[in-house]
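Residue numbers (my numbering), protein chains in the order written: chain A, 1 to 63; chain B, 1 to 224; chain C, 1 to 224; chain D, 1 to 202; chain E, 1 to 202; chain F, 1 to 246.
Hints are supplied without guarantee of correctness; some may be wrong.
Stated by the list, open to error - The list that follows gives simulated cross-link-like pairs (lysine-lysine, DSBU-like), each with its CA atoms no further than 35 Å apart:
| id | chain 1 | residue 1 | chain 2 | residue 2 |
| --- | --- | --- | --- | --- |
| 1 | E | K84 | D | K109 |
| 2 | E | K118 | B | K13 |
| 3 | B | K13 | D | K24 |
| 4 | D | K24 | D | K109 |
| 5 | D | K24 | E | K126 |
| 6 | C | K13 | E | K109 |
| 7 | B | K13 | E | K89 |
| 8 | E | K109 | D | K118 |
| 9 | D | K109 | B | K13 |
| 10 | D | K109 | E | K109 |
| 11 | E | K118 | D | K109 |
| 12 | F | K175 | E | K89 |
| 13 | C | K13 | E | K24 |
| 14 | E | K84 | D | K126 |
| 15 | E | K24 | D | K164 |
| 16 | D | K164 | B | K13 |
| 17 | D | K164 | E | K109 |
| 18 | E | K126 | D | K126 |
| 19 | E | K126 | F | K88 |
| 20 | D | K118 | E | K118 |
| 21 | D | K126 | B | K13 |
| 22 | E | K118 | D | K24 |
| 23 | F | K88 | C | K13 |
| 24 | E | K84 | D | K84 |
| 25 | E | K84 | E | K118 |
| 26 | E | K24 | D | K24 |
| 27 | E | K84 | D | K118 |
| 28 | D | K109 | E | K164 |
| 29 | D | K164 | E | K126 |
No lab work stands behind these hints: they were computed from the structure.
None of these values were measured; they are calculated from a predicted model.
Residues per chain are reported as follows:
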Amino acid sequence: MLEFQFASLTEFFEMAPHGVYVWPIYGLGLLVLSGLTFANARQHRRAVRMIQRNLEREETHEP
Amino acid sequence: MSLERRMFTRELKLIAARPGDILKPIWFLMLVISMVPLALAPDSDLLSEIGSAMIWVATLLALLLNAEHLFQSDFSDGVLEQWLFLDRPLVWLVGLKLITHWLFHVLPLILITPIAGIILSVPTDVLLALLVTLVIATPALTCFSGLGAALTLGSSRSGILGVLVMMPLFVPVVILAAGVLIRAMDGSDTLPLLALLGAFSVVAATFVPIVVSAAIRLNIGGSN
Amino acid sequence: MSLERRMFTRELKLIAARPGDILKPIWFLMLVISMVPLALAPDSDLLSEIGSAMIWVATLLALLLNAEHLFQSDFSDGVLEQWLFLDRPLVWLVGLKLITHWLFHVLPLILITPIAGIILSVPTDVLLALLVTLVIATPALTCFSGLGAALTLGSSRSGILGVLVMMPLFVPVVILAAGVLIRAMDGSDTLPLLALLGAFSVVAATFVPIVVSAAIRLNIGGSN
Amino acid sequence: MIFEPIDIEISDLSCERDDRSLFKNLSMTLNSGQILRVAGPNGAGKTTLLRTIAGLFDIQTGTIRMNQSPLTECLQQILYIGHKPQVTKDLTVLDNLKFLTGSDEDHLKRVLSDVGLKGYHDSLVKELSQGQGRRCALARLWCVEAPIWILDEPYTALDVEMVKTLDARITSHATAGGICLFTTHQPPQSLNYTTLELGHVT
Amino acid sequence: MIFEPIDIEISDLSCERDDRSLFKNLSMTLNSGQILRVAGPNGAGKTTLLRTIAGLFDIQTGTIRMNQSPLTECLQQILYIGHKPQVTKDLTVLDNLKFLTGSDEDHLKRVLSDVGLKGYHDSLVKELSQGQGRRCALARLWCVEAPIWILDEPYTALDVEMVKTLDARITSHATAGGICLFTTHQPPQSLNYTTLELGHVT
Amino acid sequence: MGWRWFHQWGSPRWFYERAGRWQLVCGWLALTLLITGSFWGLALAPVDYQQGNSYRIIYLHVPVAFLAQALYTAMAVCAVVLFVWKMKLADVAMQSIAVMGFAFTALSLVSGAVWGKPTWGTYWVWDARLTSMLILAFLYLGVIGLRAAIQDPDQAGKACGILVLVGVVNLPIIKYSVEWWNTLHQPASLKLTEKPAMPASMWIPLLINILGYYIAAGYLILGSMRAIVLERERRSAWVRELVSHA
Ligand code: HEM
Ligand SMILES: Nc1ncnc2c1ncn2[C@@H]1O[C@H](COP(=O)(O)OP(=O)(O)OP(=O)(O)O)[C@@H](O)[C@H]1O
Ligand SMILES: Nc1ncnc2c1ncn2[C@@H]1O[C@H](COP(=O)(O)OP(=O)(O)OP(=O)(O)O)[C@@H](O)[C@H]1O
Ligand SMILES: [Mg+2]
Ligand SMILES: [Mg+2]
């Protein structure tokens with residue numbers, strides 16, 4: 001039941017005649033998922049950095 | 001003078017002071033309507049086919065432009081926050097405001113549509129159906145755009161944001177109205193659809209003021 | 001930092017602070033475009049016939065919404081009157097402002113039209129012609145709406161009034177653009193009309209800033 | 001006219017804004033006849049406190065009660081005049097006051113001459129000078145029967161004479177058993193008041 | 001820094017607004033180092049006069065010349081701060097000042113700590129209190145090299161401390177050979193100025 | 001026990017600490033499922049005799065479309081929780097779900113449109129399902145736009161909550177009216193393929209991917225919620241301690 005449906009890898013990537021439709025979509029899906037992951041990580045990092053900056057600021061103001 | 005009459009006369013005075021508030025949307029409507037034949041070829045069959053739909057869309061847009069200012073200037077002048085100190089529930093005042101808005105700002109737009117219909121050569125019976133749908137549907141549209149306006153009071157340059165936020169909610173109304181118009185062109189029975197539209201408006205007019213007053217209270221809380 | 005760079009960075013900062021200023025017109029455009037089929041029947045033949053004209057009208061409206069704020073908030077904050085004290089002629093600053101406006105607020109609208117074209121099933125070659133007309137015609141439209149915005153600075157709730165005042169000036173542009181689109185649908189030669197459109201834009205871009213700066217000076221004189 | 005006795009009881013009120021604590025565990029009672037000036041440097045939280053008491057800014061922690069009942073039920077007892085103009089620029093002076101106070105025209109005209117706007121009743125507010133606009137907003141103090149006045153920088157843009165007139169009006173309000181809370185940076189000369197100092201921040 | 005000698009010559013200036021004559025045949029000369037307070041009750045025409053001198057309001061009759069040349073050619077010499085906020089609410093304090101003054105960031109940060117806005121440089125102006133917003137607008141006085149200052153009610157909403165700071169700044173500007181025109185209703189204590197009284201009207 | 005469990009969600013700290021672990025689990029699980037499902041769908045599943053290879057888009061399109069709709073419901077639940085129990089975490093969830101929801105809606109629109117080209121010969125038709133999906137995208141956009149426009153986070157949260165709830169009341173009405181609009185006049189000339197009697201080797205990977213995308217959405221939402229919690233709680237002692245140790 002589970003066998004590779006294409007004769008060769010090139011044929012797999014060609015996915016004749018619909019490769020141009022299928023692959024970009026999966027590429028886009030990957031892009032969206034990884035993009036969101038990355039964006040979350042960045043937002044987290046920025047929050048941490050902002051809090052650190054605030055802490056430092058307070059230290060300089062305190063004495 | 002009762003508070004209700006005061007609000008009413010104030011609205012009239014405001015209109016007298018800024019007639020543009022009423023005239024602008026009418027003007028806008030007429031301009032959109034006259035741009036359409038210019039941008040299309042002057043083919044009157046095509047025009048009369050799409051005419052009534054165009055008038056609906058244009059009226060919708062004019063309505064939205066109208067609603068943009070529903071609460072904004074009173075809010076930034078600090079007059080809106082004075083509503084909280086009046087001895088009427090806020091919902092009541094909001095309802096009153098929406099009613100006067102419909103009367104003074106929406107009704108004139110509806111009354112102007114026959115002219116637009118003539119420009120786009122819309123057949124008379126369809127025009128009649130158009131007028132009826134507008135009268136029945138606009139209360140719901142007014143309520144929704146009021147909600148949009150109230151929700152976005154807190155942002156400094158909301159402009160048409162409130163309207164955009166509410167646009168998806170207009171879809172059922174537009175579709176129902178389009179249905180009425182299509183049936184009117186066919187000559188088939190429009191009553192069931194009109195009843196549905198009416199029900200929509202009644203429900204909106206009942207519940208939306210409550211939500212609007214919550215939104216207003218919310219936004220007053222955050223301002224200075 | 002030179003004044004020109006300061007104005008430019010300020011514009012960028014403002015966009016970052018209120019991304020809505022750019023996004024709202026785009027959003028508006030898409031909503032108008034999707035309202036049209038809802039109000040009409042979902043008939044793709046009819047749609048593709050009127051599609052490009054609808055996109056033109058909708059883009060025009062989005063542009064107007066855009067221009068509404070061109071000078072208004074700077075005027076009421078009192079920042080605009082500070083322009084008079086800068087060591088550049090006012091015309092120069094106005095021209096700069098109009099250019100940045102076109103770049104940051106109009107160009108994005110043009111770039112979004114292909115999507116609108118797909119939704120309304122506009123054929124590809126017509127879509128291309130549409131894009132070209134938009135790029136050529138919008139400088140003129142931007143100038144005119146800037147003039148409208150400047151003329152109505154004095155009235156407290158000008159809103160889109162200024163733009164409406166200018167609408168008659170848009171008519172020749174719309175007619176020329178419609179001509180280009182109709183010829184593109186036919187497959188005939190569009191070049192002469194495009195040249196005419198281009199000439200219109202060049203003339204507008206040369207002279208309108210002078211008039212705009214006069215209008216601004218006028219309105220500053222009347223305010224407190 | 002004499003007001004019913006009234007009291008405002010503030011207990012344990014705290015407020016934090018923009019990550020900074022403005023006031024903490026503020027408790028006090030205001031009684032009929034009291035005039036309270038909220039003082040403090042720019043950004044201390046005076047406006048925020050006044051808006052909280054007026055019910056325009058949500059209480060973060062603590063309670064405010066008027067005559068034992070919660071604030072939200074007594075808002076009609078309050079007259080609040082804040083930073084914002086509180087009047088509509090495109091309406092005439094008279095129309096603005098008619099809407100806000102509900103008084104009749106004759107009374108309003110008398111009030112307008114009290115606040116030095118005689119002859120300006122059918123000017124649009126946008127045609128007035130800064131100080132005249134403030135006078136128009138303050139004219140409400142001569143019309144309304146609310147016992148609790150909350151005034152945020154009422155003296156802004158007023159000339160010396162109008163400052164005196166306003167002082168006199170506040171005093172007579174307190175004498176009649178009303179309460180007045182206000183803020184200002186220049187301590188008024190001809191007024192008897194207690195001061196609440198909000199912390200130094202800027 | 002010392003300014004070049006400068007003079008403003010006003011002759012026969014008259015203005016009528018809203019059917020009322022505000023000032024008539026006003027003539028005077030302002031020289032380097034002079035501080036002039038324009039006084040008068042609300043609606044006397046102080047703002048109108050200041051805006052006329054700043055070139056923002058058209059001269060109705062009379063002439064204004066600066067160093068013998070007409071006003072319109074010398075506008076870059078003027079720094080005008082009026083009733084309006086003069087800053088953009090949606091931008092940060094720093095961005096506003098960068099645009100208005102063209103100074104660099106380090107200098108601006110020093111200025112901000114001078115006007116008591118230390119640590120607020122990247123707050124949006126709309127998040128500031130009333131007085132903090134005014135401080136931001138006034139910070140320009142610490143940056144700009146224009147010799148002629150025209151300030152319309154600069155003390156509005158400022159607390160006592162900031163009033164002193166501003167007085168000191170105006171004094172040092174005059175010492176450097178600049179000219180300052182301003183209006184206010186509370187005469188500032190620690191400032192040497194001459195007064196121009198505009199007619200009583202209200 | 002149930003009540004205490006519910007209460008814990010009121011504590012941002014508790015959430016922040018747990019969510020880190022759940023996120024990790026979800027992430028790896030989703031990755032495994034998605035790789036398995038997608039590879040199976042792309043390479044191992046048999047070719048559709050009608051549509052050829054283009055049908056393989058189904059393994060992305062359908063899960064994403066399901067998710068787009070489910071997330072709006074989730075957002076509405078959060079709005080209710082926000083208003084009834086005043087739970088701040090619900091607002092945080094609403095904020096992150098709006099973004100993810102819009103992303104998935106857009107993805108399903110694009111994947112559907114691209115799929116439409118080989119099957120229908122056009123990118124877009126005004127089919128009922130497509131239209132209501134477009135409107136769903138606008139609804140998400142409204143929530144995002146409203147939040148971005150209002151400065152104060154608490155206020156923005158409440159305003160968005162109102163909008164979401166009004167939207168959820170309208171969603172069935174929209175869906176119903178759009179369907180009715182589309183079938184009113186002309187029978188839809190093109191239809192989404194009716195559910196074919198798929199062989200197991202076709203639907204098993206679909207099921208795997210559906211599960212995978214749901215878990216991936218969970219992973220993404222948890223991640224963005226953690227960031228937002230940290231930002232909003234920046235003043236509290238536990239966050240300061242956490243950051244200064246980091
Ligand atoms: C922009 C275009 C499209 C959009 C917005 C869209 C949207 C959707 C939605 C929302 C669903 C979920 C329906 C549900 O909840 O039951 C769905 C399912 C599905 N779509 Fe699409 N679709 C699009 C184009 C297509 C195309 C071109 C095809 C194939 C020819 C397709 C095939 C399917 C299939 C097979 C399902 C699963 C059917 C089911 O389980 O009910 N879609 N689509
Ligand atoms: N809209 C806002 N958003 C966020 N923070 C704000 C907002 N308005 C004020 N603040 C903050 O709250 C603090 C107190 O502001 P408030 O307006 O109560 O001060 P104030 O005492 O009235 O000052 P002033 O004398 O300048 O009027 C300010 O320091 C400011 O940083
Ligand atoms: N926009 C306007 N249109 C018409 N008349 C105006 C306008 N602005 C002001 N005036 C009139 O001009 C007069 C002077 O106004 P101005 O603003 O110069 O007064 P001012 O001395 O600055 O008063 P204040 O102390 O209140 O600021 C006012 O009495 C007013 O009636
Ligand atoms: Mg204050
Ligand atoms: Mg003045």
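Going down the list of hints, with the structure as the test:
1. E:K84 / D:K109: holds, 30 Å
2. E:K118 / B:K13: violated, 47 Å
3. B:K13 / D:K24: violated, 46 Å
4. D:K24 / D:K109: Violated, at roughly 44 Å.
5. D:K24 / E:K126: The hint holds at about 24 Å.
6. C:K13 / E:K109: holds, 19 Å
7. B:K13 / E:K89: holds, 31 Å
8. E:K109 / D:K118: violated, 48 Å
9. D:K109 / B:K13: holds, 19 Å
10. D:K109 / E:K109: Outside the cut-off at roughly 51 Å; violated.
11. E:K118 / D:K109: violated, 48 Å
12. F:K175 / E:K89: Roughly 41 Å between the alpha carbons, so the hint for K175 (chain F) and K89 (chain E) is violated.
13. C:K13 / E:K24: violated, 46 Å
14. E:K84 / D:K126: Within the cut-off at roughly 14 Å; holds.
15. E:K24 / D:K164: holds, 29 Å
16. D:K164 / B:K13: Distance ~34 Å between K164 (chain D) and K13 (chain B) Cα, so the pair holds.
17. D:K164 / E:K109: Violated - the C-alpha atoms of K109 (chain E) and K164 (chain D) are around 40 Å apart, more than 35 Å.
18. E:K126 / D:K126: holds, 23 Å
19. E:K126 / F:K88: holds, 25 Å
20. D:K118 / E:K118: violated, 45 Å
21. D:K126 / B:K13: Answer holds: K126 (chain D) to K13 (chain B) is near 15 Å, not above 35 Å.
22. E:K118 / D:K24: holds, 23 Å
23. F:K88 / C:K13: holds, 31 Å
24. E:K84 / D:K84: Holds - the C-alpha atoms of K84 (chain D) and K84 (chain E) are around 13 Å apart, at most 35 Å.
25. E:K84 / E:K118: Within the cut-off at roughly 23 Å; holds.
26. E:K24 / D:K24: violated, 55 Å
27. E:K84 / D:K118: Holds, at about 26 Å.
28. D:K109 / E:K164: violated, 40 Å
29. D:K164 / E:K126: Distance of about 32 Å is within 35 Å: holds.
Against the hints set out earlier in the document, violations occur for numbers 2, 3, 4, 8, 10, 11, 12, 13, 17, 20, 26, 28.
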